[in-house]
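A.B. asks: Each chain is listed here by its residues.
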Amino acid sequence: MESTQAVFPERYIALPSERKMELLRTMIRIRTFETKVEELFLNKKIPGFVHLYIGEEAIATGVMANLGKEDWITSTHRGHGHAIAKGAQTARMMAELFGRKTGYCKGKGGSMHIADFSVGMLGANGVVGGGFNIAVGAALSAQIRRTNQVAVCFFGDGASNRGTFHEALNLAAIWKLPVLFVNENNQYASTTPVSYGLSAQHVADRAKGYGIEGYTVDGNDVRQVYDAASYLIGRAREGKGPALLECLTYRVKGHYVGDPEKYRTREEVQKMVNERDPIKLFSKVLMEEGTLNDAGLAKLYAEAEEEILAAVAFAESSPYPEPEEALEDLFSFSPKEFPEVIA
Amino acid sequence: MRTITFSEATLEAMREEMRRDPTVFVYGEDIVRQGGIFGQFKGLPEEFGDRIRDVPISETAIVGAALGAALTGTRPVADMHFADFIGVAFDELANQIAKNRYMFGGQANIPLVIRAPDGIINQAAAQHSQSVEGWLQNIPGLIIVAPSSPATAKGLLKSAIRLNDPVIYFEHKVLYPQKGPVPEEEYLTPIGKAEIRRPGRDVTIVTYSLMVQKCEEVATELASEGIDVEIIDLLTLKPFDRATVLESVKKTHRCVVAHEAVVTGGLGAEIAATIQEQAFWWLDAPVLRVGAKNVPIPFSPVLEKFVAPQKDDVRRAVYRVLHREV
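These protein sequences, in sequence, are chains A and B. Quick note on numbering that gives the first Met the number 0: the first sequence kicks off at 0 and runs consecutively. Quick note on numbering that gives the first Met the number 0: the second sequence kicks off at 0 and runs consecutively.
Chain A extracted, bound-state conformation (with noise of 0.2 Å):
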């Protein structure tokens, strides 16, 4: 992975402590969720598909540190991340992906459907490449509202070869709406590698095409991924039009829990692990920095598995919905109002 020499006014390095501190929370939140969750997945705790964000951690919190709960995200199949640093709280998330009736969705999503709308948190996508528009026609609301609303839109290497890539970047870039596309480049679109898949050498290279900017950051390391999208997110609030921004990352395991992985070497994957972990190598700046300290570090781990294991026992000692509860919440009316919709 290379990274294109992008260069952003470096506002990180001005961020008092705790805000750091903030970042590296966050992402140990996600990682401790994510590592919950597998586990709970093999011992069938948690039915249907997962879809891991390990490894990925730095970019949803290295973005989100930079909207409030009124701006808009659209995300992907890969969403818990998002969800958990778009202020979403992990004990409804796992009681989504429980099944449960106190879940986000009340059940009716599971992990790729995970949303949390009253953060901003516009929903996971199980159609890859689904979010673009949504996120296009949210940052329509605002600009017609007038309000300094931003919607950003999380997209892997695999959506940027969708045809809503296309339109979506093409229709914002005209109206210059305040949106920002976020790339996830974690090198693989399923078992399919990017060397493979994408035409361009870069996702971002693909912006020229539209007439906006687009910029390619280490998405591993937290604060390049802070400074790139707090510099182009403030550029969309003043209405300066959209962006692109890939942030290089590496899926750390497989495209789903019980991947056999075949498409790559245990080798490559461990390479990653043990070189380009983004919370290793913020924990070390951190601590290179003087914030952070071991006990300091030790105690962010106890806290977030902490909150973990409360969200696992509130999504256990949920109740499952009614199974008429199906019913309901197809429309904004009820059943019973208007019955011919549903029987």
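Hints in this document: simulated from the structure, not taken from any laboratory. Take these hints with a grain of salt, some might be off.
Think about it this way: if two alpha-carbon atoms lie no more than 27 Å apart in a straight line, the pair counts; the simulated DSSO-like pairs of lysine-lysine are [said to hold, decoys possible]:
(1) 98(B) to 68(A)
(2) 68(A) to 175(A)
(3) 43(A) to 100(A)
(4) 261(A) to 43(A)
(5) 98(B) to 100(A)
(6) 310(B) to 192(B)
(7) 41(B) to 175(A)
(8) 283(A) to 252(A)
(9) 249(B) to 192(B)
(10) 252(A) to 270(A)
(11) 98(B) to 44(A)
(12) 213(B) to 192(B)
Please arrange chain B on chain A, whose structure you already have, making use of the hints.
C.D. replies: Here is chain B on its own, set in the frame of chain A:
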């Protein structure tokens, strides 16, 4: 009562709703510079500025963005140019818009309208002539309406814009220049309610959109033969007004469903199935379906006429359910 065209009626609906609610906006291909192919957007840009926008040829963006905008505090109206182009944005409609509210557990309403001019007109051929409501019938989560006159065009469009759920609004292209009475005062046409266009004792014809007037003409002709036809104009296709249909069939004991869309897998099949499930013992004849033959709409006027359902097809179906010689 004054008479205005179907096109003007939709324009009035847009203007009234955009004045009433600043979060209503409309966008589509060729609607600002051209005013819409049928003039149905003329004058809106002067009054509403950037709340009416031309969109480049990007149907997935048009439909997908409507969802994002509806989730975030606006009420978008997206124009499809031709209903046929819904195919370009099928994922946005079927997998995103229709499922969003449900799969996220009802976290947000989705107040959006997709306007879709449909139907056979002027030998527009296979990709500009379709009635595609059958594509969408099988998708839970969508409301589908189809006005048949200027009055219902206005009332249904206003109701659709105010509904907090996604509505597909099919407007038949032949109807745009047709004039009809439209009240001056404000009114809404309720979604989910059919209207009985003509009461009758002998046969029920369930129909909608342009086929309503064709069926009315047939009914007038049949009246001179002593056949008293009841015509139900569905207006809302999904969910269709079962109560009105079943009540009528229980009275007439005979039913023909007529639509311009292809018969196979069409709305007629759903209606016929509902009638046999819920009113079988009231029937004196099988429910018959009239619609386009099972091919794409061909170009040549001779071929187009042969494929499209004609008044004679409706008449023959009425005779058959009455067990008369055709």
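A.B. asks: Hint by hint, note whether the structure agrees.
C.D. replies: Verification of the supplied hints:
1. 98(B) to 68(A): holds, 24 Å
2. 68(A) to 175(A): Given that 27 Å is the threshold and the Cα spacing comes to 22 Å, the pair holds.
3. 43(A) to 100(A): holds, 19 Å
4. 261(A) to 43(A): holds, 23 Å
5. 98(B) to 100(A): holds, 18 Å
6. 310(B) to 192(B): holds, 25 Å
7. 41(B) to 175(A): holds, 25 Å
8. 283(A) to 252(A): With a Cα-Cα distance of about 23 Å, the restraint between residue 283(A) and residue 252(A) holds, given a limit of 27 Å.
9. 249(B) to 192(B): Status holds; Cα separation ~18 Å.
10. 252(A) to 270(A): Given that 27 Å is the threshold and the Cα spacing comes to 13 Å, the pair holds.
11. 98(B) to 44(A): holds, 26 Å
12. 213(B) to 192(B): Distance ~21 Å between residue 213(B) and residue 192(B) Cα, so the pair holds.
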